[in-house]
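Engineer: If you read the protein sequences in the order shown, they are chains A and B.
Residues 21 to 485 (this note's numbering) make up the first sequence, in order.
Residues 21 to 485 (this note's numbering) make up the second sequence, in order.
Just so you know, these hints were derived from the structure itself, not from any lab.
There could be a bad hint or two in this list.
One copy or any two copies: either way a pair holds, since identical chains are not told apart in the list.
[What the hints assert, rightly or not] Calculated cross-link-like contacts (lysine to aspartate or glutamate; reagent style DMTMM-like; alpha-carbon spacing at most 25 Å):
hint	residue 1	residue 2
1	Lys52	Glu148
2	Lys480	Asp352
3	Lys365	Asp72
4	Lys480	Glu267
5	Lys480	Glu73
What you are looking at is a predicted structure, and each value in this text was computed from that prediction instead of being measured.
There are 2 protein chains.
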Amino acid sequence: MVSPIDPTATGFLLAENRNMPMHVGGLQLFEKPEGAGPEYIREMYEAMRDVDEIAPLFLKHPYRSVRTAGQLVWKPDLQFDAHHHVRHSALPAPGRYRELFELCSRLHSTRLAWERPLWEAHVIEGLEDGRVALYTKTHHALVDGVSAMRLLQSVLTTDPDRRGMPAPWAAGPPRARSGGDGPSLPEIPVQALRSALALTAEAAGLPGALVRTLHKGVRNETSAVSFHAPRTIFNQSITGARRFAAEDWPIDRLRGIGKATGTTLNDVVMAMCSGAIRAYLLELDALPDTPLVAMVPVGLNAKQSHIASAEGGNAVGAVMVQLATDLADPADRLRAIHDSMQAGKEALSSMTQVQILAMSALGQAPMILAPLLRMQGIVRPPYNLIISNVPGPRTAHYWNGARLVGTYPLSIPINGMALNITCTSYDGRIAFGLTGCRRTVPHLQRLLVHLEDEVAALEKAAGVG
Amino acid sequence: MVSPIDPTATGFLLAENRNMPMHVGGLQLFEKPEGAGPEYIREMYEAMRDVDEIAPLFLKHPYRSVRTAGQLVWKPDLQFDAHHHVRHSALPAPGRYRELFELCSRLHSTRLAWERPLWEAHVIEGLEDGRVALYTKTHHALVDGVSAMRLLQSVLTTDPDRRGMPAPWAAGPPRARSGGDGPSLPEIPVQALRSALALTAEAAGLPGALVRTLHKGVRNETSAVSFHAPRTIFNQSITGARRFAAEDWPIDRLRGIGKATGTTLNDVVMAMCSGAIRAYLLELDALPDTPLVAMVPVGLNAKQSHIASAEGGNAVGAVMVQLATDLADPADRLRAIHDSMQAGKEALSSMTQVQILAMSALGQAPMILAPLLRMQGIVRPPYNLIISNVPGPRTAHYWNGARLVGTYPLSIPINGMALNITCTSYDGRIAFGLTGCRRTVPHLQRLLVHLEDEVAALEKAAGVG
Numbered sequence: 021m022v023s024p025i026d027p028t029a030t031g032f033l034l035a036e037n038r039n040m041p042m043h044v045g046g047l048q049l050f051e052k053p054e055g056a057g058p059e060y061i062r063e064m065y066e067a068m069r070d071v072d073e074i075a076p077l078f079l080k081h082p083y084r085s086v087r088t089a090g091q092l093v094w095k096p097d098l099q100f101d102a103h104h105h106v107r108h109s110a111l112p113a114p115g116r117y118r119e120l121f122e123l124c125s126r127l128h129s130t131r132l133a134w135e136r137p138l139w140e141a142h143v144i145e146g147l148e149d150g151r152v153a154l155y156t157k158t159h160h161a162l163v164d165g166v167s168a169m170r171l172l173q174s175v176l177t178t179d180p181d182r183r184g185m186p187a188p189w190a191a192g193p194p195r196a197r198s199g200g201d202g203p204s205l206p207e208i209p210v211q212a213l214r215s216a217l218a219l220t221a222e223a224a225g226l227p228g229a230l231v232r233t234l235h236k237g238v239r240n241e242t243s244a245v246s247f248h249a250p251r252t253i254f255n256q257s258i259t260g261a262r263r264f265a266a267e268d269w270p271i272d273r274l275r276g277i278g279k280a281t282g283t284t285l286n287d288v289v290m291a292m293c294s295g296a297i298r299a300y301l302l303e304l305d306a307l308p309d310t311p312l313v314a315m316v317p318v319g320l321n322a323k324q325s326h327i328a329s330a331e332g333g334n335a336v337g338a339v340m341v342q343l344a345t346d347l348a349d350p351a352d353r354l355r356a357i358h359d360s361m362q363a364g365k366e367a368l369s370s371m372t373q374v375q376i377l378a379m380s381a382l383g384q385a386p387m388i389l390a391p392l393l394r395m396q397g398i399v400r401p402p403y404n405l406i407i408s409n410v411p412g413p414r415t416a417h418y419w420n421g422a423r424l425v426g427t428y429p430l431s432i433p434i435n436g437m438a439l440n441i442t443c444t445s446y447d448g449r450i451a452f453g454l455t456g457c458r459r460t461v462p463h464l465q466r467l468l469v470h471l472e473d474e475v476a477a478l479e480k481a482a483g484v485g
Numbered sequence: 021m022v023s024p025i026d027p028t029a030t031g032f033l034l035a036e037n038r039n040m041p042m043h044v045g046g047l048q049l050f051e052k053p054e055g056a057g058p059e060y061i062r063e064m065y066e067a068m069r070d071v072d073e074i075a076p077l078f079l080k081h082p083y084r085s086v087r088t089a090g091q092l093v094w095k096p097d098l099q100f101d102a103h104h105h106v107r108h109s110a111l112p113a114p115g116r117y118r119e120l121f122e123l124c125s126r127l128h129s130t131r132l133a134w135e136r137p138l139w140e141a142h143v144i145e146g147l148e149d150g151r152v153a154l155y156t157k158t159h160h161a162l163v164d165g166v167s168a169m170r171l172l173q174s175v176l177t178t179d180p181d182r183r184g185m186p187a188p189w190a191a192g193p194p195r196a197r198s199g200g201d202g203p204s205l206p207e208i209p210v211q212a213l214r215s216a217l218a219l220t221a222e223a224a225g226l227p228g229a230l231v232r233t234l235h236k237g238v239r240n241e242t243s244a245v246s247f248h249a250p251r252t253i254f255n256q257s258i259t260g261a262r263r264f265a266a267e268d269w270p271i272d273r274l275r276g277i278g279k280a281t282g283t284t285l286n287d288v289v290m291a292m293c294s295g296a297i298r299a300y301l302l303e304l305d306a307l308p309d310t311p312l313v314a315m316v317p318v319g320l321n322a323k324q325s326h327i328a329s330a331e332g333g334n335a336v337g338a339v340m341v342q343l344a345t346d347l348a349d350p351a352d353r354l355r356a357i358h359d360s361m362q363a364g365k366e367a368l369s370s371m372t373q374v375q376i377l378a379m380s381a382l383g384q385a386p387m388i389l390a391p392l393l394r395m396q397g398i399v400r401p402p403y404n405l406i407i408s409n410v411p412g413p414r415t416a417h418y419w420n421g422a423r424l425v426g427t428y429p430l431s432i433p434i435n436g437m438a439l440n441i442t443c444t445s446y447d448g449r450i451a452f453g454l455t456g457c458r459r460t461v462p463h464l465q466r467l468l469v470h471l472e473d474e475v476a477a478l479e480k481a482a483g484v485g
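For reference, chain A alone in the conformation it holds in the complex:
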């Protein structure tokens, strides 16, 4: 009972090696419901582990043999062992977020073995503030990062009193639809969890044309905005060691800066990253003279992009943004980033359908395309890092009474792109998840301090806060 693996998923599997595990991660923090007993976390773990039936997506593993003519296929795991995939862990004392990030860094460093279904979930206790952490790890061949977070959210509800909710990997009836005043969480068809766009690109039969277009697109030759990224410490070969750090800030603080300066929330997010990276590289005496360039996936409405996504909603394009890391003044950086983002969006809207599709696929799948683009060892990288900002639910959500208080993405560094920043918003806060190669990006956690400093500096410059 084998089934074919689509070309994109095969690409993710084949691109993988010890230095580039191809899984996305998510860290979620829950607050125990009132009256939770001492056994609460164990019960939560057992509820997640002991599901009646696992969804097919979480039961299959890649398999290659003479009988499959050497081709990779999906094969159901006839000896599926829930204990292997759902685990109960604890933090060493004193149980600060430092210890949590260390554990997540370690878990995120290890490749998923192909001989079993390509996912793991860890229910983690021992945080000194009494919260429960859930780290999940899913191979990119199964889901992309955005879909993985949505999948996790699809089993949440806005109703704190609701119980009997399934684990994200349980098979069963359609997911809980969230009620309340927030936007409804999308229901995820479990069969189609990788992004609509990646699938569209495949459906269009693009491989060859895609790569040619990408070569142009990624070097901005198709765009009115043409510039090159400098070499930085982020743009070298990486090892398999990971460091993860995360923090969140009230969206209203960032919005306040945007309102006072006539910039968008996304501009302020970019300016925070820019200022933090500048300070970080200055400390290491490694700041290039010319500004760093970020690849930023952006939402485009279907009309603007000429193509509709399979979800019927917005398609995603990618914009190259100059981060103005050469400017010393925070206000100057924010303004320059705003201008660069505007120019990039205008350039994008003038691109052809295939070009946008190519850029979009690049946003979804930088790591699979990296080898094609020969990013390793190139003199001038097309961009220095990827910064994504994925909106999430706006109101508080719950899993069987446990309130989700924070959700942080762990992404995939690749050769030539040793640092990834992914932001996601939830319940009035915006979280920055930083994932890097531990060797190539030393003391990555310092970026958190610089991010906070940058918020304060931007507030001061904008005359707010």
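The hints should help you fit chain B onto chain A, whose structure is shown.
Structural biologist: Then chain B, alone, in the frame of chain A:
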């Protein structure tokens, strides 16, 4: 800079699959020294992680490529990452031994990835009694179980005030020689950690002859004692899930039973296993009418066995022992086991050199030979389980002031041999380490209760205790 892998190690590597990880494990418990601060365990972990230089054995990993003509070779890991191999973990509340065994079971279930050196060490905190646990995992291609334990012990000392002791995987000057009144721990040449006998068997160029002899030897056709083992739940195909449980008893209790009944310590150990297995199988309504047979590695002096081990000391042979699980009375079982063990040893001493060598290699490497012997799916297994008893140091030992209070072996279940019992003695106590397939051997931990019951029953029968 590749180096050849010897045939036995290659065999262990190739025999491995997801259901049969080929690593041995060790669990050691330490008591913190007086005056240890709150950071003690973290410092212990960091001392183990941050060693100046790793011994070559712990730096190499198996590698196969076109350039090596498809042959497996050892290759040094040029990106060795100590953080990957030495880890700091914690137990979920309440931190009982149950939680520790669960963690060890899980860690022992996962295969070591060939793309990195084949070992891991976990410094574990969170035991409610304040002890520190160290779980280590080493591939059988590097060391056998006995050598692994000796290697760990080789960095210990009898001097509680001594500091600056290396981690077992550190390269450097010769190991600490233990002082005090106990027997000296053997110094292990790190280059030759797999058993002398396995190496001798290879040196003799035996593969073909070995297998032929084994076919006879394992079926007792070469021996005066000829009997067959019944089919049991232990003798079926296994999965990759493991369950580990361990407990220790004062050696004097067991010796007291032996003295009163004219039996050896080893006889009493076998009788404990016999009674516990009988009770366990009765509960499951799965006790066969005929007695189970255990393969028991025994020490032979060099003269008796006609061959000297490379260590210049004792060689090891294997005896088939009828466990008398069909007898209801504990005293009857002990007597029958004593007789069976005697007969087996006499039969062994009448064997030829090659036959002993074959039996010995079987004792060292049952899992590599299992496929050759077609143990999977056979109607009559040659024996039902392996019970080893490995003597350890008799006095208390320390690592940088932390007192070793217990040491427990985790072994390798294989297809057709789903349960392994390995005993080891240390500082006046004898530990029983039970390693089984979690699915094939349900509720393995119940054997601990039955072992305790059996000690009491044997004491009563012997009129002691």
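Engineer: It remains to establish, for every hint, whether it holds in the given structure.
Structural biologist: Hints, verified against the model:
| no. | hint | in the structure |
| --- | --- | --- |
| 1 | Lys52 <-> Glu148 | both (13 Å within a copy, 23 Å between copies) |
| 2 | Lys480 <-> Asp352 | within (13 Å within a copy, 88 Å between copies) |
| 3 | Lys365 <-> Asp72 | neither (47 Å within a copy, 52 Å between copies) |
| 4 | Lys480 <-> Glu267 | within (21 Å within a copy, 63 Å between copies) |
| 5 | Lys480 <-> Glu73 | neither (54 Å within a copy, 50 Å between copies) |
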